[in-house]
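Number of protein chains: 2
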Amino acid sequence: MYLLGIDVGTSGCKAAAFTPEGSMVALVQAEYAEYSPKTGWIELNVNEVWDKVKACTRSVVRTCSDRINAVALSVLGEAVLPVDRYGACLYPAITAYDAREQGYRALLQWWDEKLGPTRIYSITGVPLNSMPSVHKIQWIRDNLPEVYRRAWKFVCVEDFLIYKLTGETVISYPLAARTMMMDIRKKRWAHEILDLADLDEDKLSTPTQSGNVVGEVGSEAAEETGLATGTEVVAGGHDQSCAALGVGVTDEGPIMDSTGTVECIGVAVKEPVLTQQMLKAGHGWYCHTVKDRYLSLGFFPSAGIILRWYRDNFAEKEKELAAEEGRDVYDVLTDVASTSPPGAAKLLLLPHFVGSGTGKQPILNMNSRGAFVGLSVFHRKSDIIRAILEGITFELRQLIETFERCGVCISELRSIGGGAKSPFWLQLKADVTNKRIVAPNITEAATLGAALLAGIGAGAFKDCHEAVAKVYREKSVYQPNPANFTLYSKQYEVYKEVYPALVHVYEKLALL
Amino acid sequence: MYLLGIDVGTSGCKAAAFTPEGSMVALVQAEYAEYSPKTGWIELNVNEVWDKVKACTRSVVRTCSDRINAVALSVLGEAVLPVDRYGACLYPAITAYDAREQGYRALLQWWDEKLGPTRIYSITGVPLNSMPSVHKIQWIRDNLPEVYRRAWKFVCVEDFLIYKLTGETVISYPLAARTMMMDIRKKRWAHEILDLADLDEDKLSTPTQSGNVVGEVGSEAAEETGLATGTEVVAGGHDQSCAALGVGVTDEGPIMDSTGTVECIGVAVKEPVLTQQMLKAGHGWYCHTVKDRYLSLGFFPSAGIILRWYRDNFAEKEKELAAEEGRDVYDVLTDVASTSPPGAAKLLLLPHFVGSGTGKQPILNMNSRGAFVGLSVFHRKSDIIRAILEGITFELRQLIETFERCGVCISELRSIGGGAKSPFWLQLKADVTNKRIVAPNITEAATLGAALLAGIGAGAFKDCHEAVAKVYREKSVYQPNPANFTLYSKQYEVYKEVYPALVHVYEKLALL
Numbered sequence: 001m002y003l004l005g006i007d008v009g010t011s012g013c014k015a016a017a018f019t020p021e022g023s024m025v026a027l028v029q030a031e032y033a034e035y036s037p038k039t040g041w042i043e044l045n046v047n048e049v050w051d052k053v054k055a056c057t058r059s060v061v062r063t064c065s066d067r068i069n070a071v072a073l074s075v076l077g078e079a080v081l082p083v084d085r086y087g088a089c090l091y092p093a094i095t096a097y098d099a100r101e102q103g104y105r106a107l108l109q110w111w112d113e114k115l116g117p118t119r120i121y122s123i124t125g126v127p128l129n130s131m132p133s134v135h136k137i138q139w140i141r142d143n144l145p146e147v148y149r150r151a152w153k154f155v156c157v158e159d160f161l162i163y164k165l166t167g168e169t170v171i172s173y174p175l176a177a178r179t180m181m182m183d184i185r186k187k188r189w190a191h192e193i194l195d196l197a198d199l200d201e202d203k204l205s206t207p208t209q210s211g212n213v214v215g216e217v218g219s220e221a222a223e224e225t226g227l228a229t230g231t232e233v234v235a236g237g238h239d240q241s242c243a244a245l246g247v248g249v250t251d252e253g254p255i256m257d258s259t260g261t262v263e264c265i266g267v268a269v270k271e272p273v274l275t276q277q278m279l280k281a282g283h284g285w286y287c288h289t290v291k292d293r294y295l296s297l298g299f300f301p302s303a304g305i306i307l308r309w310y311r312d313n314f315a316e317k318e319k320e321l322a323a324e325e326g327r328d329v330y331d332v333l334t335d336v337a338s339t340s341p342p343g344a345a346k347l348l349l350l351p352h353f354v355g356s357g358t359g360k361q362p363i364l365n366m367n368s369r370g371a372f373v374g375l376s377v378f379h380r381k382s383d384i385i386r387a388i389l390e391g392i393t394f395e396l397r398q399l400i401e402t403f404e405r406c407g408v409c410i411s412e413l414r415s416i417g418g419g420a421k422s423p424f425w426l427q428l429k430a431d432v433t434n435k436r437i438v439a440p441n442i443t444e445a446a447t448l449g450a451a452l453l454a455g456i457g458a459g460a461f462k463d464c465h466e467a468v469a470k471v472y473r474e475k476s477v478y479q480p481n482p483a484n485f486t487l488y489s490k491q492y493e494v495y496k497e498v499y500p501a502l503v504h505v506y507e508k509l510a511l512l
Numbered sequence: 001m002y003l004l005g006i007d008v009g010t011s012g013c014k015a016a017a018f019t020p021e022g023s024m025v026a027l028v029q030a031e032y033a034e035y036s037p038k039t040g041w042i043e044l045n046v047n048e049v050w051d052k053v054k055a056c057t058r059s060v061v062r063t064c065s066d067r068i069n070a071v072a073l074s075v076l077g078e079a080v081l082p083v084d085r086y087g088a089c090l091y092p093a094i095t096a097y098d099a100r101e102q103g104y105r106a107l108l109q110w111w112d113e114k115l116g117p118t119r120i121y122s123i124t125g126v127p128l129n130s131m132p133s134v135h136k137i138q139w140i141r142d143n144l145p146e147v148y149r150r151a152w153k154f155v156c157v158e159d160f161l162i163y164k165l166t167g168e169t170v171i172s173y174p175l176a177a178r179t180m181m182m183d184i185r186k187k188r189w190a191h192e193i194l195d196l197a198d199l200d201e202d203k204l205s206t207p208t209q210s211g212n213v214v215g216e217v218g219s220e221a222a223e224e225t226g227l228a229t230g231t232e233v234v235a236g237g238h239d240q241s242c243a244a245l246g247v248g249v250t251d252e253g254p255i256m257d258s259t260g261t262v263e264c265i266g267v268a269v270k271e272p273v274l275t276q277q278m279l280k281a282g283h284g285w286y287c288h289t290v291k292d293r294y295l296s297l298g299f300f301p302s303a304g305i306i307l308r309w310y311r312d313n314f315a316e317k318e319k320e321l322a323a324e325e326g327r328d329v330y331d332v333l334t335d336v337a338s339t340s341p342p343g344a345a346k347l348l349l350l351p352h353f354v355g356s357g358t359g360k361q362p363i364l365n366m367n368s369r370g371a372f373v374g375l376s377v378f379h380r381k382s383d384i385i386r387a388i389l390e391g392i393t394f395e396l397r398q399l400i401e402t403f404e405r406c407g408v409c410i411s412e413l414r415s416i417g418g419g420a421k422s423p424f425w426l427q428l429k430a431d432v433t434n435k436r437i438v439a440p441n442i443t444e445a446a447t448l449g450a451a452l453l454a455g456i457g458a459g460a461f462k463d464c465h466e467a468v469a470k471v472y473r474e475k476s477v478y479q480p481n482p483a484n485f486t487l488y489s490k491q492y493e494v495y496k497e498v499y500p501a502l503v504h505v506y507e508k509l510a511l512l
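Sequences listed follow chains A and B, in order.
Under this note's numbering, the first residue of the first sequence is numbered 1, with each subsequent residue one higher.
Under this note's numbering, the first residue of the second sequence is numbered 1, with each subsequent residue one higher.
One or more hints might be untrue.
A pair holds if it fits inside one copy or across any two, identical chains being indistinguishable in the list.
What the hints assert, rightly or not - Distance condition first, Cα-Cα at most 20 Å in a straight line; then the derived SDA-like pairs of lysine to any residue:
hint : residue 1 : residue 2
1    : 490       : 512
2    : 186       : 219
3    : 508       : 497
4    : 490       : 504
None of these hints come from the bench; they were simulated from the model.
So that you can see chain A by itself, here it is in the shape it has in the complex:
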């Protein structure tokens, strides 16, 4: 018995088969393009996505010696498209980061006036912003009336793919919650929102609990994917909620910490903390893949991308060395960083190279930029690289503290993504945050999370908690060094002043 998890992101998809013990037996991935027909527009061609999902699945099925009993999807949120009653796509999926119409400014103002951010937050868990699907549907209504009229349903990428697999129109709670149209506590479409958006509920898929069986692979889909007809299709969830499940983040305490190009933390709780303080910090709450749990994501866009920037522009020598020694250039860079003392000789990095994230004021400030602050002629390359790692980690600490100030308990970080490959960085995270840092014994958290949900649907596990107990294992653990934590805490106090000091400079720089 194998369980198939399929992770569908903005730039590619992965299909991975796992045993019910959590061992990965096959992994296939493929890339596809995002389209930007005009400045600020970001669209996905879902037919292309579906083609790549089919291709990956076929490859996985071919490699698997045993039967795949169930499949579930881990999917990017917010992206939405209109389909006709045969499930044919009428317009490309408009993605979360699409910023047409000056970032949907007029629509956001309309919602602000009609219902207000506090009410919207209390119903949907969403701090009013341009990402949710509802604005994209309203945009189609206002700008493409003919498409809107012909639309049978507006689906997210998950329900589009589920429809392709099963002919059912079902969406998981986590993905429904990211549309800004769901009442996250009542777990149904929010009529107050739908009425204002002038949208019939039957234009949307039916929300269901992650882990519920939603249908079976039909004969056409079976032929195209290589899956057996009748394979159970199970409600998966939003990619981050699947990844959080994959690293065993099912309850308050341990959190997911994903360090890739961007940094994202996932915090699970029993009851969403829908306070003004949380709203102001820009931290939404949505349904977790874990039953009766809610998840919040803290996020900043400028993490590993800065190391890549450094690598691409300044690491010629380190690249040569890495090539000679057959090592990863990032390993060489962290080796260099490790020769700088904790605190990088008082050098600070504000890591806003692509803007700021949540948890700071103002949130998601796309005008904010990076800054090295405190440079002296005594700083060496090692200090610069260490300051990059420390700056990203200070930003992470600030994100964590936002949640803690709102009463959320955070006991440890379970690190995944490229950043989790570096023991040096993991120890640095422990020392900066004063948290236990765990590198779990898995690399594909999102596909594993989806596979665990497939397993629940297929009866392999009673629930998420049992699934996690069976498969979650620690690979390595990093404990904070108290002396370093003390040192970093002093520097962190200064670090926190850099963004407020420069924010008005960045506003003016953006206007140049």
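Using the hints, position chain B against chain A.
The following block gives chain B in isolation, referenced to the frame of chain A:
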């Protein structure tokens, strides 16, 4: 007939012989050490300095086919030492940047209370600070009473060397003015200051106009230096005032702009502008080497040293390329910078890698540090290097504007030092400052200035104006590009906000 100019700095000396037309016929240089017996102490061994001056002079004399008729010295300011009545050194010269006793804090406070900064400024032209010689003499009085008692005179390095050459104790006005003990308008020792410092005038050398003959080379000095007995020794001046003369800065209008490790501008006027505004900016006034003219220096310590920092830490590839092509690595770096657009793609550099200078508030802030502000993942190496050049040049513009706001007219910059070797940087200076930038046809401005003063003493020129008219020539001229000036002016407005934004961050960083 040759004229000898000897430039004596903090880390080395140069002797150069010139024709009365300003052509350099010989140049010899030597290095010596600064000594730091305790943290913050910076001393010079003047016997070592004298040895090196003699060695350089001997070398120059050997190369000269014609007779050297006169010699004058261009000398570092402030450094002072006690000598006995045979001219023997009783204690090392304590230099301008010596910061013993927490930067002479108690003495500065004492002067502040006894006389006050405004009165001191109005008499001596010196904004109260730790550099002038008077504090060092007071320190010797308070801490080495036996040395003080035995001291026949307290001399600066100029009068020490003049004594060695001639047996006379004479100091030029410019160097006397940098002791904070001279009445710069009456051109004599200021009794109000000497009385407070409890110092007899006969413990000091006799001040005289630069260009006046002060004596002849004696037989012992003749033997040691190779100069003919009876060679006229002429009063030279403070090194910056000699360099300013060397580039023809004899009157208001054109200023000297020296870009080396540090940046220094020299502004000449007929009457010193001893206003509160000038005092607050930290700009002192002292006697120029040019008769009846005053000179002010604007200064910041973080200029070419930042390019050197970049070269030493990040320019491995450029160093290889420079070696291959037999070029200067700085030429390669400015070539790279030139591929970035004006404004370095909105990247700002605050060039305070070794602290801030004059003309900003607070002045001479040794806790200030450098900052790259506005970094995005789209910035390339070329933007970083261009931002370094632009940041230094913005700082220069701010320095210039301080003088202009006080009513000083600045018509053009005459650039010397390492920075003047780069046509790219000179054009950038023109575009940022909107001034005509001239690279004069000389490289050794300070020794030339001293040689011109020697020539006045020897009767080769009537005065400094005639000397400059005879020898000063432009090598190349850079006119501002109006479009670039407009662009830079907008960016400069944002640049000016960076230091005020970060200054409190730097105070806290310094305390870590």
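These are the hints, each one checked on the structure:
no.	hint	verdict
1	490 - 512	between (35 Å within a copy, 7 Å between copies)
2	186 - 219	neither (35 Å within a copy, 106 Å between copies)
3	508 - 497	both (19 Å within a copy, 10 Å between copies)
4	490 - 504	between (25 Å within a copy, 15 Å between copies)
Figure legend: structure checked against the earlier numbered hints; the only hint not met is number 2.
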